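J.: Residues per chain, in single letters:
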Amino acid sequence: MGLYFLRTYGASRVSDHPTPSPFVNPDLTDEGDQPDPSVILDYEIDRKSWKARSVLGQNGLRNWDYFPRRFVDGKDSGRVVSWIKSPTGKKIPVRLSQIGAVVMRMENGQLRRESYLVEKVVAFITELFNWEEIEAYAIGLNKYGFRMLSCQPPMGHKIYDAGTLRQAVEDCSRNEMLQLERLVLAKYFNVPTIVDGRLAQKAGAFNAKNSPVAGIVKTHHLNYLHESGYELYQNLKPGERTPAFQLATGYGPEVVSWFLRLTGNQRGEMPGWGVVRVEIPAYYFEHEQGGNWSYLDKLSEAIWLYRCQDVTYSRSAVSLAPIQRAEESLGACFLANDAIEARFYHLNEI
Amino acid sequence: MAYVTDPVAELYRRTGVKPPTPLRPITPMGELIGSFNLMQLELADLTQKLVTSYLASNSAPVSQLDVSNDDPLAGFLYATRRQAIIFVRNTDPITRRRFSAAHELGHYWLHYVLQKPPGGVEDTPIIFVDAAPQTEMEETEEIDVSAKNKANLSQYEQREYEADLFAARLLMPTKLIQAKVELYKPGFEGENLVRRLASELLVSHQAIRIRLRELGLFSHK
Chain X
1113 MGLYFLRTYG ASRVSDHPTP SPFVNPDLTD EGDQPDPSVI LDYEIDRKSW
1163 KARSVLGQNG LRNWDYFPRR FVDGKDSGRV VSWIKSPTGK KIPVRLSQIG
1213 AVVMRMENGQ LRRESYLVEK VVAFITELFN WEEIEAYAIG LNKYGFRMLS
1263 CQPPMGHKIY DAGTLRQAVE DCSRNEMLQL ERLVLAKYFN VPTIVDGRLA
1313 QKAGAFNAKN SPVAGIVKTH HLNYLHESGY ELYQNLKPGE RTPAFQLATG
1363 YGPEVVSWFL RLTGNQRGEM PGWGVVRVEI PAYYFEHEQG GNWSYLDKLS
1413 EAIWLYRCQD VTYSRSAVSL APIQRAEESL GACFLANDAI EARFYHLNEI
Chain G
6 MAYVTDPVAE LYRRTGVKPP TPLRPITPMG ELIGSFNLMQ LELADLTQKL
56 VTSYLASNSA PVSQLDVSND DPLAGFLYAT RRQAIIFVRN TDPITRRRFS
106 AAHELGHYWL HYVLQKPPGG VEDTPIIFVD AAPQTEMEET EEIDVSAKNK
156 ANLSQYEQRE YEADLFAARL LMPTKLIQAK VELYKPGFEG ENLVRRLASE
206 LLVSHQAIRI RLRELGLFSH K
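Taken in sequence, the protein lines are chains X and G. Read in order, the letters of the first sequence correspond to residues 1113 to 1462 in the working numbering. Read in order, the letters of the second sequence correspond to residues 6 to 226 in the working numbering.
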């Protein structure tokens, strides 16, 4: 069979229960892996004059050339299924997951799956092992439809910290999922597209100069706003947006960004719940759209029209219906995790 | 050297090992090495001194080696008719270790096996010493097989060039790379393509970037 590597290094099955990580890792958030951002709050109007701007009722929106028609989402579903011991005695987590990305396209009022990619991946830190064994294992996994991800130990962390290593393999798997998102996004980057998450994570898959692409950030862990701007963000009404600001994170393109409330806050949620942050490439906005603010208003209303109205969906307040459909569509392409795990254990004889 | 138009194809033909395909794109380096009377060993802090000590303890002739040389090495090939060993430095990343092993296999195949006259050679050890790059830039130069002017190379440099070229073509076959690039078109290029192919082929980002440039398939975006 050839997949004896894990067994050689003492692998055993691991039950599915969460293990708390010893460190808070901001990389897991939508806004985590960026250095200190540079923010220009006076981009659209002077920050002292910020007030909410309603985006509803834009003229000619339905026939607007830039009405978003493509929606990109990704999914990483898996867990650490085994621990092995390196030749030097370090405990190394092995994560098995299904990763995927999907593009949904709206045509004539119908949302259809344009393309998708799904992979079964096995992620672990390979550096502590002999290259020949790692190579043989990777080739063996390939034969059975799995792909090995050779993860790097986290920089600056002690390699024996099991929680940190577990986090490292999760990040490795998630980064590979983002890579799949880039891959599907890149196919038709000239069509108006909405991606789930920051544009920086999709850098290189679209042309920041002429791609009509927008990123929707659902969870906000960094505050880019001044005090009155923050109050405005919390008090937005459905269909209102904040003035736009420019954001440069040093990673990915400079973006023009603003907050937009999709849904009201009626069930005692946190004040910012129901608000998404929208990003578009700054170069594209300034050069292709001539810095026309009505572009932001129209795009905002289009996004608002796409808001998720399925109250049974837990994240509906910050989701777009096509993105929710994308998630469901991708989920349907995944096999049951239990079945994948059983096969993996069988192939590895553990 | 015996004239072989495509030494990589000849290696697969002679060993009977199956070359990688777009669906199974990792070159079976271990299997190729195992097809010969060739061992591979990983040593920490690889130096000639350490290799000499290892070989001497295994009763191998070491008179040609510099027993006091402590310079760090990335790879080392020691070959006689009775035994041949590829040493690589185990503190290098996996992808770098694979490249070093492929480079040493290149020396073994191109400069030993294909040069052997019929009936074998005298049992004088053949040794190839490959210094570890001191900087990232030096590493780039070391495996940049596309930019060198072959006409001005010394014999040592010529052989290093040939081994680098062999390793690059073995680990990143032209047709396979072209097929992958075609698959990921349109739009998926530059560093995203580098990351994807490096992961699929189990090679370093640097190595695949150089190979894509060599094939005219790398573009910034």
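No lab work stands behind these hints: they were computed from the structure. Remember, it's a predicted structure, so these values are computed and weren't measured experimentally. Note that the Cβ used here is the ideal one computed from N, Cα and C, for glycine as well. Keep in mind that the hints are not guaranteed to be accurate.
Here are a few chain G residues that sit away from chain X, every Cβ distance over 10 Å (derived from the structure) [what the hints assert, rightly or not]: (1) Ala14; (2) Arg19; (3) Pro24; (4) Asn42; (5) Ser64; (6) Pro77; (7) Val93; (8) Arg102; (9) Ile131; (10) Ala136; (11) Gln163; (12) Val186; (13) Asn197; (14) Gly221.
Keeping only pairs whose Cα atoms sit at most 30 Å apart, straight-line, the calculated DSSO-like set for lysine-lysine is [to be verified]: (15) X:Lys1321 with G:Lys23; (16) G:Lys23 with G:Lys190; (17) G:Lys54 with X:Lys1232; (18) X:Lys1299 with G:Lys180; (19) G:Lys190 with X:Lys1299.
J.: Does each hint hold? Answer for all of them.
T.: For each hint, the structure was consulted:
1. Against chain X, the non-interface label of G:Ala14 holds: every CB pair exceeds 10 Å, the least being about 20 Å.
2. Listed as outside the interface, G:Arg19 is consistent with that label: its C-beta sits roughly 20 Å from the nearest C-beta of chain X, beyond the 10 Å cut-off.
3. At roughly 12 Å from the closest C-beta of chain X, the C-beta of G:Pro24 stays outside 10 Å, upholding its exclusion from the interface.
4. In this structure G:Asn42 is separated from chain X by more than 10 Å, as the shortest Cβ-Cβ distance comes to about 16 Å.
5. No beta-carbon of chain X comes within 10 Å of the beta-carbon of G:Ser64; the shortest separation is about 24 Å.
6. Once the 10 Å rule is applied to beta carbons, G:Pro77 is consistent with being away from chain X; the minimum gap is 18 Å.
7. Annotated as non-interface, G:Val93 brings its C-beta within 10 Å of a C-beta of chain X; the closest such distance is 7 Å.
8. With a closest Cβ-Cβ approach of about 4 Å to chain X, G:Arg102 is found to fall inside the 10 Å limit, against its non-interface label.
9. Against chain X, the non-interface label of G:Ile131 holds: every CB pair exceeds 10 Å, the least being about 22 Å.
10. Remark: the non-interface label on G:Ala136 is consistent with the geometry, its nearest Cβ contact in chain X lying 19 Å away (cut-off 10 Å).
11. The beta carbon of G:Gln163 sits about 27 Å from the closest Cβ of chain X, which is more than 10 Å, so the claim that it is off the interface holds.
12. Distance check for G:Val186 against chain X: the nearest CB is about 13 Å away, which clears 10 Å, and the non-interface claim stands.
13. The Cβ of G:Asn197 does not lie farther than 10 Å from every Cβ of chain X; its closest approach is about 4 Å, which violates its non-interface assignment.
14. Listed as outside the interface, G:Gly221 is consistent with that label: its C-beta sits roughly 19 Å from the nearest C-beta of chain X, beyond the 10 Å cut-off.
15. A threshold of 30 Å between alpha carbons decides the hint, and for X:Lys1321 with G:Lys23 the separation of about 44 Å lies outside it, so the pair is violated.
16. A C-alpha spacing of about 27 Å is found between G:Lys23 and G:Lys190, which places the hinted pair at or below 30 Å, so the restraint holds.
17. Note on G:Lys54 and X:Lys1232: the hinted pairing is violated, with a Cα-Cα distance of about 44 Å set against a maximum of 30 Å.
18. Taken as a hint, the X:Lys1299 and G:Lys180 pair is honoured in the structure, with Cα atoms around 22 Å apart against an allowance of 30 Å.
19. Of the pairs offered as hints, the one joining G:Lys190 and X:Lys1299 holds, with about 7 Å between alpha carbons and a cut-off of 30 Å not exceeded.
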